[in-house]
Amino acid sequence: MSNMQIELPKDAFSRVNTSSKESELITRPSITFWADARRRLMKNKVAMFGLAIIIIITMLAIFVPVFSEYTYTKQDLTNTNAPPSREHPFGTDSHGRDLWVRVWVGARVSLAVGIFGSIIPSLIGIVIGGISGYFGGKVDMIIMRFIDIVMCVPNMIYIILITIYIGTGPVALVVAFALTGWMGTARSVRGMILQLKEQEFVLASRTLGASPANLIFQHLIPNTLGIVVVSMTMGVPSAIFQEAFLSFIGLGIQPPIPSWGQLANLGISVFRIYPSQLLIPAALISVTMLSFNLFGDGLRDALDPKLRM
Amino acid sequence: MVKYIFKRLIISIVTIWLLATISFFLLRALPGNPFQTEKLMTVEMQERMMAYYGLDRPLIEQYFTYMKNLLHGNMGYSLKYTNRTVNSIIASTFPVSAELGLRALAVALPIGLALGVASARKRGKAIDYICVVVAVIGVSIPSFIMGSFLQYVFAIKLKILPVSQWETTAHTVLPTVALALSLMATLTRVMRASMLEVVMQDYIKTARAKGLSEGRIVWSHQIRNALIPVLTMLGPMVTSVLMGTFVIEKIFAIPGLGQHFVNSITGLDYTMTMGLTIFYGTFMVFANFLVDIAYGIVDPRIRITK
Amino acid sequence: MQERILEIKDLFFSFDTYAGEVQAVRGVSLHVNKGETLAIVGESGCGKSVTIQNVMKLIPSPPGRLKSGKIFYCGEDITNYTPKQMQKLRGKEMSMIFQDPMTSLNPTMRIGRQIAEGILKHEKISQAEARDRAVQMLGKVGISNPEKSYRRYPHQFSGGMRQRVMIAMALVCNPKILFADEPTTALDVTTQAQILELINQLKEEFGTSVVIVTHDLGVVARTAERIAVMYAGKVVETGIARDIFYNPKHPYTSGLLESMPSSGKSSKTLTSIPGTPPDLFSPPKGCSFAPRCKYCMKICQEMMPDLIEVENQHSVSCWLMHPQAPKYELPGRKSRFTQNLKEGI
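Protein chains in written order, with the numbering used here: chain R, 121 to 429; chain P, 6 to 311; chain V, 418 to 762.
This is chain R alone, in the form it adopts within the complex (with noise of 0.2 Å):
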């Protein structure tokens, strides 16, 4: 039965004053795009265990060192290339140096300069992205046309020039990547740029007088930042891959200063006998890297406005 032929009370259909701003009213809890990219990452357990990951390796990096017995330089002959044991947990080098210390010592190098060498790339890459797709045309042209050219050759050649001509060490490895790795960056932004100048809230902003660097402030730049965010914690990974492998073929790192590439250079000497300090090094670089991976991974879904719901 249709409830068209219900009796009902006679005030059932008094009338009623209805407001429309109470209509207006959006029942969803309203969920700004930071706080719902947040939620999302939460929810995305493999992005978690990255993360818990890469904070657990951290922790011990910053702590172990401080509240060990040994320092990364003290030499045991006495007792050299020892198998791990509860002395040392991860056995002793060719020098007897305790590999336990000198692994986290060398993940303090390792992550500084994967991390470092990645945001500060990805900062130059934003200032110069967003010049060049700002301002357009004859800027944007010799910018573009830069990047090409230092583009035909692979990245390595020049941090190895730059290495050779600022000399070794963590700091000079940062430098070195931050000169040659914003151009990926920059170009990406640029790509960005030119899209959202197009579009009306930018045109609208302009014409109510914004200046340059208000837009590209307060427009531009916040509306590529979750890529940039993204392409940053991607970046880790290859900077610590880098700095590996510099370090691997000897041009990175120097001795005695340990990181993870260097462990790993002086391990593959003794890979036959030893196979551990090789191994163990090795899969500290891999699983740093792998969560990384898999915390950017699950920072890009995050991110991406189109997975919104």
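Accuracy of the hints is not assured; some may be wrong.
[Stated by the list, open to error] Covered by chain R, per the in silico footprint, the following chain P stretches (three or more residues, Cβ under 8 Å):
{"no.": "1", "region": "100-114"}
{"no.": "2", "region": "136-144"}
[To be verified] Listed next, the in silico BS3-like pairs over lysine-lysine satisfying Cα-Cα at most 27 Å (straight line):
{"no.": "3", "chain 1": "V", "residue 1": "K715", "chain 2": "P", "residue 2": "K8"}
{"no.": "4", "chain 1": "V", "residue 1": "K702", "chain 2": "R", "residue 2": "K130"}
{"no.": "5", "chain 1": "V", "residue 1": "K557", "chain 2": "V", "residue 2": "K505"}
{"no.": "6", "chain 1": "V", "residue 1": "K715", "chain 2": "R", "residue 2": "K130"}
{"no.": "7", "chain 1": "P", "residue 1": "K127", "chain 2": "V", "residue 2": "K715"}
{"no.": "8", "chain 1": "V", "residue 1": "K505", "chain 2": "P", "residue 2": "K127"}
Just so you know, these hints were derived from the structure itself, not from any lab.
Only a predicted model underlies this, so the values are computations on that prediction, with no experimental measurement involved.
Just so it is clear, CB atoms sit at the ideal spot from N, CA and C, and this is done for glycine as well.
Chain R is already provided as a structure; the job is to place chains P and V on it using the hints.
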């Protein structure tokens, strides 16, 4: 079309010229000289060597001499390998690197793309998770670790494949696999992402509304469009792979081009570094040109009309 | 009674999102008669597209989920058809054109092939015959030089031309129903009229039933014989076009008609319906239009009114239809617009 190719050619030549010029002056700005590292040489002998190779002339004069020779395709003598021209060193080592690279690509390209497609098609299923996990591990393990690991397991422990050298087909297996794994992982990731992007496009819904079977939609609508981003990265990827990879060549003692990239720079072998840079750059420009043509075939929107 | 090509009974369809269930369609019943044009009208997000896309099962699941309801095609229950069975229906028995012709065609495939592959899927004919049919169809939808256009790519056509290609693609296998999902929204005004004219003309020629989904009453006036007005995932009023336009019974329909700009001199201001549609995460328990309704009564906020037939084929879901409710004369369409409507039918 002819006009377009001509224009591209001019741009390529200018690019390579600028590249050569930048590298030339960048290299010379480095402290030290090529003969310093050889301990047995006295300062006087070093100077004689510098004079012998014309390195004592004014820089600008050296530059013009170098460019003139380069125009004739002559990249000069290596400063480290006595009596060997840069051309001959490249000619003898490049084929080895290129062979290794081609083998790796022949393995990685079909498998990587196929896994990307399979993974995207079965999104959220077991196959997808396996592919995603394998791919992320593949891009997370540096080649030198993967190379050493494969060598240790298959050559040293199991003794089923040769440890190193580049002689028989059996020798090529481990380096090929080591190189192919990371390429494959990258291709899988890019192809999967691209397939998932395309599947959300309206024209896939149109194809579905026409009553086409899923297989047909994937094959004739999805894959072709999904290949476009893959093509973009193929130019640099193919170049870097064919040019040799230092670490893998070092681990497996392969007489390829890769070793020279690092050794020539650290040894300040100016002519060798210059030669390699120019060779690499030219190859990259050429590869990108081929990619652009392939682009035009796959995507009619950017087909050259001028 | 006329032959019913399509009948939808009490359809509930939801999307499962992170934030919860969005009840996009909440009990929609509709039918389409043979050879007629039904227009489904409503604001964006009212569930009209979801309803028709669900008939062809074009909404991926998840997130989409058919909760309950039945769909009958030519008397046959197709609600639980397998993907394989649906493939036989799509394109052959029912087809669809979409809102944005810019993105609805595959950019990397020649348009001729995009049309021909549909024919090849459904009919056992040779490549050459399929080609001829496609060329012929291109001519029918008014593409000049069809032979040459067959080999062109979508980006070489304008928006209107692409929508013609979409129509050719949809009608080439002579389906019994054509769903047109906002077919003119993305086009400019002059092109809109041509496309609607083309749909009307081909509908006559092929004897196809058309379901046109739109928020534009101008489009409705030009094409529809029957109209279903949707609001917040429900049909609030349905009937033949003339009744809906001149004698709307639901305040929402009346409001829509009033807010339509007319080309007559009389109107100086544009009227609008204040407020916004409810959020379908948590639809109100009463009539979902109540918060915006001029005639809102106590009961409206308490209970959902059922859809009842008030006169021949004219059904309304509104408490004003209750025998005890006060009676109002709701404003409908007058003046100049009448002529358009007559031409349309």
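Evaluated hints:
Figure legend: the region 100-114 of chain P, annotated as covered by chain R; annotation inconsistent (0 residues with Cβ-Cβ distances under 8 Å, at least 3 required). Evaluation of the coverage hint for the region 136-144 of chain P: fulfilled, as 3 residues show C-beta separations to chain R shorter than 8 Å, against a requirement of three. Note on K715 of chain V and K8 of chain P: the hinted pairing is violated, with a Cα-Cα distance of about 77 Å set against a maximum of 27 Å. For the hint linking K702 of chain V to K130 of chain R, the alpha-carbon distance of about 20 Å falls within 27 Å, and the restraint holds.
Among the hinted pairs, K557 of chain V with K505 of chain V is consistent with the structure: their alpha-carbon atoms are about 24 Å apart, no more than 27 Å. Taken as a hint, the K715 of chain V and K130 of chain R pair is honoured in the structure, with Cα atoms around 10 Å apart against an allowance of 27 Å. Taking the CA atoms of K127 of chain P and K715 of chain V, the gap is about 52 Å. The hint is violated against a cut of 27 Å. Under the criterion of a C-alpha separation no larger than 27 Å, the hint pairing K505 of chain V with K127 of chain P is consistent with the structure, at around 23 Å.
The structure fails to meet hints 1, 3 and 7 from the earlier list, while all remaining hints are met.
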